[in-house]
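Engineer: Residue numbers (this note's numbering), protein chains in the order written: chain A, 11 to 690; chain B, 21 to 169.
Hints listed in this document are in silico derivations from the structure and should not be mistaken for laboratory results. Wrong hints could be hidden among the right ones.
[Unchecked claim] Straight-line C-alpha distance at most 20 Å; calculated EDC-like pairs for lysine to aspartate or glutamate: (1) A:Lys394 <-> A:Glu359; (2) A:Lys657 <-> B:Glu107; (3) A:Lys661 <-> B:Glu164; (4) A:Lys661 <-> B:Asp106; (5) A:Lys661 <-> B:Glu116; (6) B:Lys55 <-> A:Glu679; (7) B:Lys55 <-> A:Glu573; (8) A:Lys657 <-> B:Glu76.
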Amino acid sequence: MDVSQYLQIFIEESKENLQRLNENLLKLEGNPDDIQTLNEIFRVAHTLKGMAGTMGFVKMQKLTHHVENVLSEIRSGKLKVNVSMLDTLFQCLDALENYVEEIVNTSGEGNEDYGLLIQELENIATMQNGTISKEAVSVESKVNDTKVLSPGITEAENENLMDLPEVQANIKNKAISMGMNVFQVAIKLSANCVLKSARAFVIFTELERLGEIVHCVPNTQDIEDERFENEFVLVFVTKESKQKLQEIILGVSEVESVTIAVFKQSEVIEEDIPVVKQEDQQNTEQQENNPVQNGKQVSSKTVRVNIDRLDTLMNLVSELIIVKTQLEGLDVSTQNAGGNYNDSVEYLERVTTSLHDAVMKVRMVPVELVFNRFPRMIRDVSRKINKDIDLIMSGEETELDRTVIDEIGDPLIHLLRNAADHGLETTEERVALGKPKKGTIKLQAYQDGNNVVIEVRDDGRGIDVNKIKNKAIQKGTITKDEAANMTEQEIIDLLFKPSFSMAKEITDLSGRGVGLDVVKSKITALGGHVEVQTELGKGSKFIVRLPLTLAIIQALMINIGNEKYAIPLGNIQNIEDVRKEDIQLVQKQEVIVVRNEIIPIVRLHSILGLPQEEDKDLMMGVIVKKGERQVGFIIDSLIGQQEIVIKSLGKYLSGIDIIAGATILGNGEVALILDINSLI
Amino acid sequence: MEYAFQSIRQFIVFKLDEQLYGIDIQNVQIIERIKPIMRVPKAPACVKGVMNLRGEIIPVISLREQFDLIASEYTDKTRIIIVKLDEAMVGIIVDEVKEVIELSEEQIEAVQNIQGKIKTNHILGVGKVNSSIITLLNLSNIIEESFEN
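Turn these sequences into a full structure, and let the hints guide you.
Structural biologist: Structure below.
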């Protein structure tokens, strides 16, 4: 059963197809008569069904099939699109997404069969004229025919037949159409059989006299090497009858039992009565166990890469080879060798820089990947809270590193929900205020230098600073005196404190006090930060700033003691000479004054567990910044700026918070990267 | 036949402070000469730091310190045995790697009370080959404990 190699593709494509369905259903909702959109939906649903079928995900196929029925009724004009129908269809998409999710996690589609949804779909499909119009369904697609004509088939019966890889499935279908019989033969050898592979070999040769073995689980190599328990399963194409087959196999000694099932054309399957009843169960169990072994492969991440980018990579690698050849060909003895050598090294440098850029680009994916599920989400939210909401998105083509993309979804959902639930006023309030009835949420992404900025803006009521202040005082987060001294921005920042919720009542959507602090911690973990701008009565804007990539950063290499460390350049404000006499004590904290600013000093030696040396007259200070806070690190010397590849310290050392990771230097040495956020 | 095949296990034997120890060869990835090791601040005492093994960062622990033996200078014979447990690689520093031995189940004795500094849960058993006695280590317990606290 080797569909596992297609599983990754299936998952990726199903996700894409579901996304397309979501988008187009939304379009259809806005414009119910758009036949083109409807056709597109139908086409995508059909693809999805076909793929699910090929992969043997029967429940998923069945659900999609019913969705398709409803769609075809709409297309033939027998049904009109209405809101409750769309709700049901959206629910089906959710259910299908759940299937895909289950497949991602376990390689199997799970046991949920969404009977209620299917019932509902059937009801919708039969609503018109109160009768099932079978012609309408069967006209739509040929593949449908077989399904509709044999509706009694349930998954339970199908499960005993294995899923064939594409090639074998084709052979199977061809053979059936030529009038041959295709059997699935499950053979169990007796437990005390000593030479299992030899016994299997005998069965193979016996069978091969009568027809052809197209597929075999476990594969022939494994059987030859005796890597199987007592059972194996064959797919066998033959002209002989089932009975004959059975006789022959049982004629081989040490065969305990044999179960034969018949394959039919295009996934419609009938089960014959098995010879040994309990065999069935084991057979199913064996098949169910199989996917679990593949579980690890399933969860691996993939990136789809534009072919142009791969070409660029190829070109750069060829150039790299040219440089290598140049260097090899250098005649050291000639006078000019030094000059040529320098040329080549310079060339090499250029190529590697471009190569780095190109490789980084391969990891980049458009934010569209996250954005495209938001219209659907906002639709659901707007129906739930009964507000009219317009979501305007722009800059979907902005690209971010794949790892960032994966993490950014949840925080953005939080922000969007917040905007919809708290930000926007109710429709009545908006009308009373003279605002347009429909609230607007703008989601915008753009690149800004080495950062990508994502803004979530609403035209709602804005944030009432005084309200936050009062709430914070009431909660004891700050005292009255503190509140009086705080700037407006500082007060707004209180929103990001843990368990600080402004919602008056807890709703389904938000107000549980785990909103914005989670957003903030997630974004900080990605090396980004989030801020709020707001105007009372006009709306608020959440600005999320993210680094373009996580894997490679610019860093300042420093020496502390005789160890080398890296500080991410993004954190560094400037580098200052620090004289011994400049260091002053304020409330037992060492500080220096740089351009009229008081900056606390951190002795890296003691934090890093190195012996503290006598202060020299002139020391070096690296001023780092986190938000508004500045801190000066006293270091021994600078090495210089360098591009470094961030590597993890692994699971065993992940608990050390002052170290963000490690990098490998040119000479193979390891240098540790300081985690500035936890040092300040 | 089959029975005998299953019950033979291979161990890598190494020396630590004049004593012989064995670890299951299944866990061993590679054995390296001593390499530069970067100290990691705030790491547990027996974690010597991290090393670069062909582009991968691997934590390195000193068995001497884990077993409360006196730390010694690295010599020509000092080796780092890279083991892989639960998908994570760890290097362990030993005084000397001797050989690979095969032990059948009968040759492995479970020993409840071993006189010495090693905790019982660090030991799988004791293997006897010819006249020498080899303490077989339970690596996953040792490594888990090294990284605690």
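Engineer: Hints first: check each against the structure and report whether it holds.
Structural biologist: Hints, verified against the model:
1. A:Lys394 <-> A:Glu359: violated, 57 Å
2. A:Lys657 <-> B:Glu107: Status holds; Cα separation ~16 Å.
3. A:Lys661 <-> B:Glu164: Roughly 11 Å separates the two Cα atoms, so the pair holds.
4. A:Lys661 <-> B:Asp106: Cα-Cα ~10 Å, so holds.
5. A:Lys661 <-> B:Glu116: It is violated: about 28 Å lies between the C-alpha atoms, which goes past 20 Å.
6. B:Lys55 <-> A:Glu679: holds, 9 Å
7. B:Lys55 <-> A:Glu573: Holds, because 16 Å separates the two Cα atoms, which is no more than 20 Å.
8. A:Lys657 <-> B:Glu76: holds, 8 Å
Comparing the model with each earlier hint shows violations of hints 1, 5; every other hint is respected.
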